[in-house]
Structures are given as C-alpha cells and as structure tokens.
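*Asks:* Chain residues, written in single-letter form:
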Amino acid sequence: MKLNPVVTGFIRKEIVQTLRDRRAWFVLFLAPVLQLTLFGMAISTEMRDIKLGAVDSPNDPVFRRLTERFYSSRWFIPAGKGGDPFQWIQSGGADAVLAAPEGGLTQAIQRGRGRAQLLINGSNVLKCQSIEGYARSILQESLDGEKSAPPPKPVLELETRILYNPQLESAIFLVPGVVSNILGILTIILTATALTREKEEGTFETLIASPAKPWEILLGKTIPYIVLAMLDGPAVLAVALWGFQVPMRGSFLALLAAGFAFVVTTVSVGILVSTLAENQQQAVIAGFLFLFPAITLSGLAFPVENMPLALRLAAYLDPFKYFVELLHNIMLKGGDPFLVEVDTGVLAVMAAVAMGAAARRFQRTLN
Amino acid sequence: MNKKFAVTRALAIAFKETRHILRDPYTLALAIFLPVFLVVYFGIAIDFNLRNLRLAVFDRDQSRASRQLVETFGSSGFFKVEAEVTALPPTKSLESESAKAVLLVEPRFGRDVGRGGPAKAQVLLDGADNSAVGTILGYLGGIEELANRLYARQAGVRPPPPSVDLQARYLFNPELSTQWFIVPGLSVVVLAILSTLLTALTVAREWENGSMEMLLATPVTPLEIILGKLAPYVGMGLLIQLVIYLVARLGFGIPFRGSHLLLLAGSLLFITACLAQGLLISVAVRQQRLAMQFAMITSMLPAFLLSGFIFPVENMPRFFQWFSAILPARWFMGLIRQEFLMGPAWGDLLDPFLALGGLNGLLILQALRSFKKDVEP
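Protein sequences appear in the order of chains A and B.
In terms of our numbering, the first sequence is residues 2 to 368.
In terms of our numbering, the second sequence is residues 342 to 718.
No lab work stands behind these hints, which were simulated from the structure alone.
You can take every hint at face value.
Chain B residues, not near chain A, derived (Cβ > 10 Å throughout):
(1) R360
(2) A572
(3) F712
DEER-style ranges, computed between Cβ atoms:
(4) A:N5 to B:E425: 48 to 58 Å
(5) B:R392 to A:R114: 28 to 38 Å
(6) B:S711 to A:R66: 52 to 62 Å
(7) A:Q246 to B:W663: 16 to 26 Å
(8) A:S211 to B:L371: 32 to 42 Å
Yeah, the Cβ is synthetic: ideal placement off N, Cα and C, and Gly gets one too.
Assemble the whole structure, with the sequences as input and the hints as a guide.
*Replies:* Pasting the structure below:
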C-alpha cells in the first residue's frame with residue numbers, strides 16, 4: 002500500500018518532534034515506569050502488622066490462647082501498653098482491641114456463651130473491613146482446637162476456591178489495569194498538546210494555509226501517536242509478564258486488537274480536547290478532566306457496582322472500562338470469546354464515533 | 342548589594358499577584374470548581390461496602406435444602422442471585438464476567454443435609470478482582486453460619502453455639518461509611534495538586550514572560566518577590582480547605598471531633614510545604630509546560646497512591662513505607678482523618694506535626710536557597 006506523501010511527511014515530522022521533546026520522553030517512559038513501580042510494588046491490598054491490643058483479666062487461659070492465636074497469624078502484632086480500649090485506639094496505639102467479657106472468656110464459655118468483643122478503628126474503612134475479616138477467619142480456625150470434646154460437625158461445609166489469582170496477589174490484579182492507564186494518559190495528553198502547540202506557536206495558521214487537506218493533517222497528527230502507543234503497550238506488557246509475573250492465558254492478538262481500538266479512541270479524544278483548548282495548559286487540564294472520571298469508572302481501583310445508577314450508566318460509555326475488562330479477562334482468564342468480541346466491538350464502535358466526531362470538530366476549527 | 346526586607350514591597354507584590362488571580366477566571370474557576378467537583382464526585386461515587394454482588398447459582402441438586410441455601414445467600418444483602426445456570430461449565434459465568442462468584446451445589450446435597458451432614462457446597466470466587474474477593478471472604482462465614490442454624494432448626498436439633506462469638510464494633514465510624522473516610526482525605530489530594538501546580542505555574546510564567554528579570558531589576562529583593570508571590574496562594578489554599586470542610590460537614594454530614602485550631606495549623610504547614618515544592622520545580626525548569634508536568638506527577642501520584650488516601654501505607658513493603666515518610670501528604674492525611682473522626686488529644690498528633698513541620702522547614706529553606714542562588718548574579 003502506498004501512503005499519501007503528505008501524510009507520511011506529517012508522520013515523520015510529528016514523530017521526530019515528539020521524540021526531540023524532553024517532556025514527551027517523560028510521558029513516554031518515566032510515567033509508565035513510575036506507575037508500574039507504584040502499582041506493582043508499593044500497593045497491596047493485604048494488611049500486615051495490625052496493632053492489636055488485648056484487654057484481659059487474670060486467669061483466663063482461653064482468652065490468652067485466643068490472643069496468641071491472633072499474634073501468631075501473619076496479620077496481627079501486639080500493640081504497646083494501653084488501658085481503656087477507646088483511648089488506646091484514639092491515640093493510635095492500637096488499630097483494634099480484643100476485649101474479653103466480664104469475668105473472663107474461660108468462664109463465659111463454661112457457661113455456654115463465650116462472647117468476645119473486637120473494637121476496631123473505623124476511621125479507615127478499608128483497614129477496618131480487612132481487620133474484621135482476618136479476625137473472623139482466625140476465630141473460625143480456633144473454634145475447633147479450644148474444646149475438650151470434639152464439637153458437633155456443622156451440617157453445611159462451604160468450600161471456597163479462588164480462581165485465576167489464588168494467592169490474591171495485588172500486582173496480578175493491578176498491573177494489567179495500569180496498562181490501560183498508561184496508554185490512555187499517554188495518547189490523550191500527547192495528542193491534545195501536539196495540536197494546541199501548533200495553535201500557541203501560530204503554526205496552525207500556516208498549516209491551514211498550506212495545500213495539505215484537513216484529513217491529511219488529521220491523519221498526520223493522529224497516526225504517530227497511535228504508533229507510539231502501540232509500541233509502548235507491548236513494552237509495558239512485557240514488564241507486566243516478566244517483571245510482575247502476570248500470567249498471559251489468552252490470545253496476544255486479541256489483546257493487540259483491543260489495544261488498537263482503545264488507542265484510536267483515546268487519540269480521538271485527544272484531538273477533541275485540542276479543538277476545545279486554546280493553549281497547552283488548558284489542553285492538559287481538559288485532558289485530565291476527561292481522564293479522571295474515565296479512570297475512576299474503569300473499575301480498577303473502585304467498585305463500580307456500588308456507584309449510583311447515573312455513574313454506572315456512564316461507565317458504559319467509558320473506553321477505559323472495556324479495555325480494563327479485556328485486559329483482565331484475556332490475561333487472567335484466557336479470554337471468554339463472546340465477551341472479548343462484544344467488548345472489542347464496543348471499543349471499535351467507540352473508536353469510529355470518536356474519530357468521526359474529532360474529524361468534524363477539527364474541520365470546523367480549520368474553517 | 343544588601344537590602345533589608347521590606348514588608349510593604351512584599352505586600353505590593355502580593356497585591357499584584359492577587360489581582361492577577363482574580364483577573365484570570367480560569368485559575369479561579371480551577372481553584373473553586375475542582376475541589377467541589379472532586380469532593381462531590383468521590384463522595385457520591387465510592388462505596389467500599391460491596392452489596393448486590395452478582396452470584397451465579399449452579400444447583401445440581403434442586404432440593405428444598407439447596408433452595409434454602411440459595412435463599413440465604415440472596416437474603417444476606419451481599420449477593421444478588423442471578424438466573425440459575427445449569428448447562429455451562431460452572432466457571433463460565435466468571436469467565437464471561439457475568440458473575441463475581443459461583444455457588445455450586447452438588448447432587449445429593451439435600452440428602453446429606455437430611456442425614457445431618459456433612460453436606461458440601463462450593464463457592465468459586467473471581468480472583469481476578471482481588472479487592473472484591475477480600476470482602477466476599479469476610480461475608481461467607483456469616484452466611485455459612487446462618488444456613489447451619491436454619492438446617493439445625495429444621496432437624497429439631499439445637500444449633501451448636503459457636504464457642505467464641507465475635508462482636509465487632511467500629512469506633513469513630515460506627516456505620517463504616519465510606520464517605521467519612523474518603524471526603525476528609527480528599528482535601529489533601531486537592532490541596533497538594535492545586536498548591537503545587539499553581540505555584541509552579543505562576544513563577545515559571547514570570548520566567549517565560551521575561552518579567553522576572555524586570556522584577557529583579559526593581560528595588561524588590563528576591564525574598565520579597567517570593568513571599569509576595571506566594572502569600573495569595575496560601576490564602577487560596579486555606580479557602581479551598583474551607584470549601585471542602587463545609588462540603589464535608591454540611592453536604593455529607595461528616596462529624597468533626599478534633600480541634601479547628603490544630604486543623605488550621607496542619608493545613609498551613611501542608612499548604613506552605615506544597616508551595617515550596619512548586620517553587621522548587623519552577624526554579625528547576627523555568628518553563629510552564631515542564632513545570633506543569635512535574636508538578637502534576639510529583640503532587641498527584643504521591644497524594645493519591647502513597648499517602649494512604651486509599652491504599653493503606655501499612656500494607657506497603659518497608660521501603661515504600663519509609664519513602665512515604667518523606668512526603669508531607671502522608672502525614673497530613675493521617676492528621677486530617679484523625680482530626681475529623683477521632684478527636685485526638687494534642688499529644689497524639691505529635692508525630693504528624695513534627696514530621697510536617699520538619700519537612701516543611703526543609704522544603705522552604707531549600708526552595709528559598711535555590712531561588713536566591715538562581716537570581717543572584
């Protein structure tokens with residue numbers, strides 16, 4: 002296929018100009034590395050070293066064994082000295098306090114009603130939820146060991162199996178999502194600033210006056226960034242696979258196709274943003290105003306199921322949502338054919354619509 | 342040449358800068374609109390208490406007991422039972438993302454329940470969404486116990502009381518409201534981004550326009566320029582903090598149990614630290630574009646990811662825990678949450694105040710030094 006020489010000229014100029022710009026290198030390389038490091042290494046959803054205080058009475062062997070059980074788990078460590086549970090937690094000395102009932106847990110169990118109270122600092126909702134979950138799972142285990150006579154077996158036994166990521170490693174969940182963040186930020190910010198730079202420097206008028214047709218300018222301004230993103234994407238994926246041991250259970254080609262549709266969409270969003278902005282500063286801010294809701298609705302960090310209806314509906318318009326879903330589904334689950342087709346199809350439609358809208362707005366800006 | 346610091350000259354610069362801000366609707370809109378938008382958006386959008394998780398049911402037994410088990414799952418409020426599936430392999434609904442969990446009941450389940458157990462049922466969880474799995478695991482124990490009580494009652498057996506019954510009480514946030522947790526922390530994120538960004542931009546703009554040289558040629562000393570230029574932004578930061586405070590208290594009904602004075606002191610320390618960071622960036626790069634990029638990255642990433650805003654600092658590997666200790670945002674995050682929800686004693690806030698004060702001093706000294714070195718011939 003022979004490409005239009007005007008378009009190829011544009012592409013060559015745009016790539017050279019981008020790679021010459023220190024700032025672009027920053028977005029192209031430093032930002033992905035930073036995000037991968039933070040999401041892959043720093044962030045973990047598993048808590049450790051929870052400071053647990055214990056309020057006990059003397060001569061309470063069952064309670065003592067229970068607290069020891071807590072401390073020997075991988076989650077809890079003993080809190081320093083403290084007295085009143087409320088103040089203990091308020092002062093930050095303890096994250097949670099386990100309190101035996103009046104008269105001691107040993108006696109209470111003999112009377113047939115052993116009840117222990119766990120006071121948790123609720124000011125951090127996520128920490129509080131995990132602390133309660135860990136405590137319950139420890140208690141479930143220690144139920145069996147504490148009784149002299151074997152307890153009557155419960156009728157129902159729920160067996161739980163965690164699929165796809167049995168160790169619940171945060172990196173395996175977060176890193177694929179980071180791929181979408183990196184590509185989205187990269188394409189939107191670079192495309193939006195590239196066009197507004199021409200506006201700022203006054204070269205936009207020169208472009209208009211030149212014999213190049215609008216669609217040639219548009220292609221010349223978008224293809225380079227699609228190419229850059231399609232090069233950046235596999236590089237980031239490689240780091241995910243070999244650096245963070247994220248499995249790749251599905252088809253690489255399917256992922257590539259999804260990535261292409263996603264990148265075309267975000268590049269078009271970048272063009273749309275640039276037609277709205279006067280200068281690069283505004284372009285960056287407008288870009289972030291799009292990115293921010295788009296990333297929060299993608300389902301990567303926040304549960305979308307819990308959001309109000311309007312936001313849940315808005316999520317269906319969010320290209321990030323589909324791409325994150327595809328990344329997770331293809332990489333971790335091997336890619337359900339129907340889901341992959343539907344999501345990629347939606348992304349392709351979005352790409353076409355966004356491209357069309359961008360082209361129209363762009364034409365109007367030119368005239 | 343050694344000139345004395347004159348308050349009037351600094352004030353004149355501050356006055357000029359304030360007029361600049363007020364004249365530029367764009368900056369002003371950013372300063373007012375962005376905080377309100379972020380706070381309302383996050384306050385409404387985020388809820389970590391998962392409800393109505395889609396549960397696919399694979400009932401191979403179809404007995405009364407199995408239907409009761411399914412009902413127990415459904416009525417717990419945590420799960421929403423999707424239409425039952427029978428034909429596909431059970432993992433199919435996880436693969437096609439149509440469910441977050443699958444309940445698998447083997448044939449003969451009802452018979453086993455009738456015989457007093459053990460009756461086995463399996464729950465398959467979608468480990469590809471780790472945060473949800475952690476929460477679901479916490480719910481399952483309770484559901485299992487509920488079902489067991491039900492079966493025991495029907496068999497006419499007294500259900501065995503669990504030997505230790507754990508009662509959890511949530512202090513300071515009894516209903517575990519996500520808004521109480523998110524909204525106060527948002528002011529850290531907003532202040533970090535806006536203070537750093539606006540300072541970096543305003544100083545870099547003077548360099549780019551060449552007006553910094555003009556300012557320096559006047560009798561104004563570098564220190565006066567900087568203090569004058571930054572003073573209005575301290576005011577703007579406090580205004581943003583006030584706006585968020587009001588939205589939190591009046592809009593979301595979040596309690597404030599600490600001392601307003603300490604909140605003000607902490608906010609001042611944090612805002613000035615961010616301004617110093619912005620100043621350092623602008624001295625280092627002198628270009629608005631670059632200053633913007635650097636300010637965004639160095640303020641947003643730490644404030645969102647390393648401050649404990651959502652992901653607890655305590656969960657991080659040691660290295661990142663230490664690293665986060667040099668970030669003012671991490672300390673202010675702890676401080677503001679304690680002030681809002683916990684009402685700590687003055688002594689409890691010693692650590693965050695010492696750390697904030699120390700980091701603040703270091704940043705300001707370094708910023709002033711590099712600025713002076715930069716402008717002195």
